[in-house]
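As you go down the protein sequences, you meet chains V and C in turn. When we follow my numbering, the leftmost residue of the first sequence carries the number 1, and every step to the right adds one. When we follow my numbering, the leftmost residue of the second sequence carries the number 1, and every step to the right adds one.
Worth flagging that the hints you see were computed from the coordinates, not collected in a lab. Hints may contain errors.
As the list claims (entries may be wrong) - Keeping only pairs whose Cα atoms sit at most 35 Å apart, straight-line, the calculated DSBU-like set for lysine-lysine is: (1) V:K251 x C:K44; (2) V:K258 x C:K226; (3) C:K44 x C:K219.
Stated by the list, open to error - Negatives, chain V to chain C, calculated, CB over 12 Å: (4) I16; (5) F72; (6) W73; (7) V113; (8) K288; (9) G296.
The beta-carbon is built from N, C-alpha and C at its ideal position, and this holds for glycine as well.
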Amino acid sequence: MSKQSGSLRRYVLTRIGLAVPMVLILLVLVFVLMRVAPGDPISAAQGGHLTPAQLAQKRHQAGFDKPLILQFWEYLRSVLTLNFGTTISDGRSVSSIIVQNGGVTLTLAVGAVVVALGLGVPLGLLAGRYRDSAGDTVTRVFAIVTYATPVFFLGLLAQLLFSSHLGWLPSSGQADTLVQLNVPTKTHILLLDALISGQWDAVWNIFQHYLLPWITLGLLIVGVFIRMIRINLIQTLQGDYVEAARARGIKESDVVVKHAFRNSLVPVVTVLGLQIAMLLGGAVLTEKTFNLSGLGSMLINYINSRDYIAVQGLVTFFALVVVVISMLIDFINALIDPRVRY
Amino acid sequence: MTQTALTSAPEPGSLPVGPTPAGKRFRGLRRFLAPIRQAHGMPKAMLWTGGIITALLALTAILAPLIAPYSFDAYQSGGHQFPKQGHPSGTHLFGTTVQNFDVLSRVVYGARTALEVMILAVVFSLILGVLLGLLAGYLGGWLDRILVLVMDALFAFPYLLLAIVAGFMLSGIIGGGVVTAALSITIVYIPQYFRVVRSSALSAREQVYVEAARAMGAKPSTIVRKYLFGNVIQSVPVIATMNAGDAISTLAGLGFLGLGIQPTEAAEWGYDLQRAIDDVNSGMWWTALYPGLAIVLAILGFTLLGEGLNDVYNPTIRRRRIIRAVLPVPTARKRLHEAAGNGGGTGSTTGDNGKAGTTSETGTTPEEGDGQ
Numbered sequence: 001m002s003k004q005s006g007s008l009r010r011y012v013l014t015r016i017g018l019a020v021p022m023v024l025i026l027l028v029l030v031f032v033l034m035r036v037a038p039g040d041p042i043s044a045a046q047g048g049h050l051t052p053a054q055l056a057q058k059r060h061q062a063g064f065d066k067p068l069i070l071q072f073w074e075y076l077r078s079v080l081t082l083n084f085g086t087t088i089s090d091g092r093s094v095s096s097i098i099v100q101n102g103g104v105t106l107t108l109a110v111g112a113v114v115v116a117l118g119l120g121v122p123l124g125l126l127a128g129r130y131r132d133s134a135g136d137t138v139t140r141v142f143a144i145v146t147y148a149t150p151v152f153f154l155g156l157l158a159q160l161l162f163s164s165h166l167g168w169l170p171s172s173g174q175a176d177t178l179v180q181l182n183v184p185t186k187t188h189i190l191l192l193d194a195l196i197s198g199q200w201d202a203v204w205n206i207f208q209h210y211l212l213p214w215i216t217l218g219l220l221i222v223g224v225f226i227r228m229i230r231i232n233l234i235q236t237l238q239g240d241y242v243e244a245a246r247a248r249g250i251k252e253s254d255v256v257v258k259h260a261f262r263n264s265l266v267p268v269v270t271v272l273g274l275q276i277a278m279l280l281g282g283a284v285l286t287e288k289t290f291n292l293s294g295l296g297s298m299l300i301n302y303i304n305s306r307d308y309i310a311v312q313g314l315v316t317f318f319a320l321v322v323v324v325i326s327m328l329i330d331f332i333n334a335l336i337d338p339r340v341r342y
Numbered sequence: 001m002t003q004t005a006l007t008s009a010p011e012p013g014s015l016p017v018g019p020t021p022a023g024k025r026f027r028g029l030r031r032f033l034a035p036i037r038q039a040h041g042m043p044k045a046m047l048w049t050g051g052i053i054t055a056l057l058a059l060t061a062i063l064a065p066l067i068a069p070y071s072f073d074a075y076q077s078g079g080h081q082f083p084k085q086g087h088p089s090g091t092h093l094f095g096t097t098v099q100n101f102d103v104l105s106r107v108v109y110g111a112r113t114a115l116e117v118m119i120l121a122v123v124f125s126l127i128l129g130v131l132l133g134l135l136a137g138y139l140g141g142w143l144d145r146i147l148v149l150v151m152d153a154l155f156a157f158p159y160l161l162l163a164i165v166a167g168f169m170l171s172g173i174i175g176g177g178v179v180t181a182a183l184s185i186t187i188v189y190i191p192q193y194f195r196v197v198r199s200s201a202l203s204a205r206e207q208v209y210v211e212a213a214r215a216m217g218a219k220p221s222t223i224v225r226k227y228l229f230g231n232v233i234q235s236v237p238v239i240a241t242m243n244a245g246d247a248i249s250t251l252a253g254l255g256f257l258g259l260g261i262q263p264t265e266a267a268e269w270g271y272d273l274q275r276a277i278d279d280v281n282s283g284m285w286w287t288a289l290y291p292g293l294a295i296v297l298a299i300l301g302f303t304l305l306g307e308g309l310n311d312v313y314n315p316t317i318r319r320r321r322i323i324r325a326v327l328p329v330p331t332a333r334k335r336l337h338e339a340a341g342n343g344g345g346t347g348s349t350t351g352d353n354g355k356a357g358t359t360s361e362t363g364t365t366p367e368e369g370d371g372q
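This is chain V alone, in the form it adopts within the complex:
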């Protein structure tokens, strides 16, 4: 037992060690990408409004007159202190944007994952178990269609049907204005705040607002789950130990449920990790569709006002989130599947 946990610890440390160069490369990538354009960010953001002297002063303030290597050092420092810089257009620190608007994105993403798992796991297992049946075909077509439907179009369709036509659910925002004002801010995650303060009407209101975005974003990634689980189960069912179980005369239903299902679900965690990037991209689009003021909406706003520092900070944060989450996923994988550890 102690030997096992030792190997796990070694795995975790190795994995963290591997993530460090990855993060560095990502940072360099973002930094270089943000400086490909000619001219400097300050004049791009506010060129029209300021005199040359003011511009020069602003440039100096933001450090854009320094040599590139020093700028990179400043950027590294701002990332290491988790500050991510101060925006040019409205002077907020990117970290405060992350704290205040991140809750929306987090609520959206977590809900979407719940929807995707709740739908994808049973459908994928059924499709794999009854391979080539009519149900399998329908499920596969469903997976392909959800994959082919852009998340924003699905969102607009849902709004048309459930908000405009039927009037069942609200079409935009994360809660009614009054609700937002009345819920005391503690965690910056509205749903959680409402739960903590015990305002059940508010919780219900927020839930209603999030329902369509959750389903929309969840359907974006459910197709991949269905496909992966289906193929996994098919391949698992061809394994020697399944054959052996059958040969021992174990009931087919027991073979499938007790032996095959669990093993074919191991990769779900991996798939989830791979989907994080897609989830974040989808979140940007979903936020825009449902007028939710999460990090994605903020990013688009700052892009439209050509605020390089804000864009750089937010993009860096997204990249870090992806790296950290994929690392956590690997840890979970190592925990549940000893074969992963090395």
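Given the coordinates of chain V, work out where chain C should sit on it, guided by the hints.
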């Protein structure tokens, strides 16, 4: 039906019978296409549906000026201004937008934009990805290590964000047009080709025939061109088809966020959907529905095509049509059958039903012989 199935069925260890001169010349191509001809069931349905949708899309794109009633940026015709947010009607089958554009015309011309961007993006990323992958895989060393790190970083990045940032920066340099959009999508897909090509180049490099070529003094460029390229390129068509759908999706996403092609330059479905958000909130359906359906159909076409190809080419999930061997009936048994009044049960030769398939999944064995 049974006859063609029998002749086109792969028999382990035997080459296609009767090679005509033309057949000999195109043997590589024929071997490549053989799995497609042998496709059946779901993969076949997917291939056909995807192919037809894709062909229709291409036709629409090419014939856009003939199909579309108006130009994509026309807000009037013959001195008559189009209605603003007009319902679908005889003159405007799909209605008009908030900017007085004809929805049908924009949907039709949108096919052209989507296809242009998609082709450019796939070709760019394919060339760059395959080239870099071959170099990294064959040469190895520090170049390989750096490329792998950069590609891994690019791959880990949320792809839409990458396209957003690339589009944001490129539009600052070369403005927002079809090429900008294509380039911002290109950067997203390079890593996929790179990875696949690099890993197959790595394994191909160790093969005996490459070693033999090297021993005989072939130049590295010759080895890459003549020996590696052909082996490495095989998985690329499937990825390219899958990416084609993805590229259209990314383009629409960029357009929806207002970062894609400028609306005056070309009709773009994603941009049209962005303009439709407010319409939807006031209950207007036609400005969102038609461009959206166009996107879904376009992506669906390429995805089905890619999925079908994958099913056909991927040996781990491919299943061949089961062809029941027709054995000569032993005479004694035959007499027995006749005696029982049973007229010989050997008629059905195509064991096409799914249940029979689960038992024999040995599609890999003949293929491994083919690959060398």
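Here's how the hints hold up against the structure:
1. V:K251 x C:K44: Since the Cα atoms of K251 (chain V) and K44 (chain C) sit roughly 34 Å apart, the hinted pair holds (cutoff 35 Å).
2. V:K258 x C:K226: Roughly 50 Å between the alpha carbons, so the hint for K258 (chain V) and K226 (chain C) is violated.
3. C:K44 x C:K219: 42 Å, violated
4. I16: The claim stands: I16 (chain V) keeps its Cβ more than 12 Å from every Cβ of chain C (closest is about 15 Å).
5. F72: It holds; F72 (chain V) is separated from chain C by about 16 Å at its closest Cβ, greater than 12 Å.
6. W73: Check passes; 20 Å lies beyond 12 Å.
7. V113: Answer for V113 (chain V): holds, closest chain C Cβ roughly 15 Å.
8. K288: 6 Å, violated
9. G296: 9 Å, violated
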